[in-house]
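Novice: Chains as they are written, first to last, in the working numbering: chain A, 296 to 408; chain B, 979 to 1095.
Worth flagging that the hints you see were computed from the coordinates, not collected in a lab. From a predicted model like this one, the values you see are computed outputs, not experimental measurements. Heads up, some of the hints might be wrong.
Claimed, not checked - A short, non-exhaustive set of chain A residues, derived as facing chain B with CB atoms under 10 Å:
| hint | residue |
| --- | --- |
| 1 | 348 |
| 2 | 352 |
| 3 | 396 |
| 4 | 400 |
Virtual Cβ for every residue (Gly too), placed ideally from N, Cα, C.
One-letter residues, chain by chain:
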Amino acid sequence: QKEVEQNSGPLSVPEGAIASLNCTYSDRGSQSFFWYRQYSGKSPELIMSIYSNGDKEDGRFTAQLNKASQYVSLLIRDSQPSDSATYLCAVIAGYSSASKIIFGSGTRLSIRP
Amino acid sequence: GAVVSQHPSRVICKSGTSVKIECRSLDFQATTMFWYRQFPKQSLMLMATSNEGSKATYEQGVEKDKFLINHASLTLSTLTVTSAHPEDSSFYICSALILSPQGRTQYFGPGTRLLVL
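This is chain A alone, in the form it adopts within the complex (with noise of 0.2 Å):
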């Protein structure tokens, strides 16, 4: 079983439509939750962090966290052309200073006009 696991898509959602993006990982001593954003060519960009149970808002883009289920999702409302990338998904395991960041191999999301 893989640490972190995504399905890799492609995801396709219509422009305005909100996007759901999910995530779930082996670790339950896992502590920090991250999702990041990468296009095409380019590096990854950090888009939210979420470190307890509940939801994180951010401008369009909400962060949930279950620990219990091990899940982490991210919800993209309105959904641009903008938005097409591959999102990674990315989890701390463990509770040592020392612990590496585990990345998903990504979702690829594709918004259609």
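Knowing the structure of chain A, use the given hints to seat chain B on it.
Specialist: Chain B alone, transformed into the frame defined by chain A:
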């Protein structure tokens, strides 16, 4: 968010030469930086963890004598690809770790695209 820069953004070199890539944290001090490599349409691959003032920690399968990492200051880490070959052509991305009361966050540089002829 925090700013991490890389230089150069792209480099073309001849096979057998060495290439140095710089990674800087611009508005914060980073005791820990990471170096990744990404081939087209593939996932990020962690190469090594760079710790200020100490030796880098390399991931399994990454040759430490080929990919030299130096982290001599709190704002600069360098990756030198020695005796580069065409198979080393890739997108090299650094990132820096920030510690906050909430937890740890990692910010990426813009990446360096290396083409070895």
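Novice: With reference to the structure, classify each hint as holding or not holding.
Specialist: Hints, verified against the model:
{"no.": "1", "hint": "348", "in the structure": "violated, 14 Å"}
{"no.": "2", "hint": "352", "in the structure": "violated, 16 Å"}
{"no.": "3", "hint": "396", "in the structure": "holds, 5 Å"}
{"no.": "4", "hint": "400", "in the structure": "holds, 5 Å"}
Checked against the numbered hints above, the structure breaks hints 1 and 2 and satisfies the rest.
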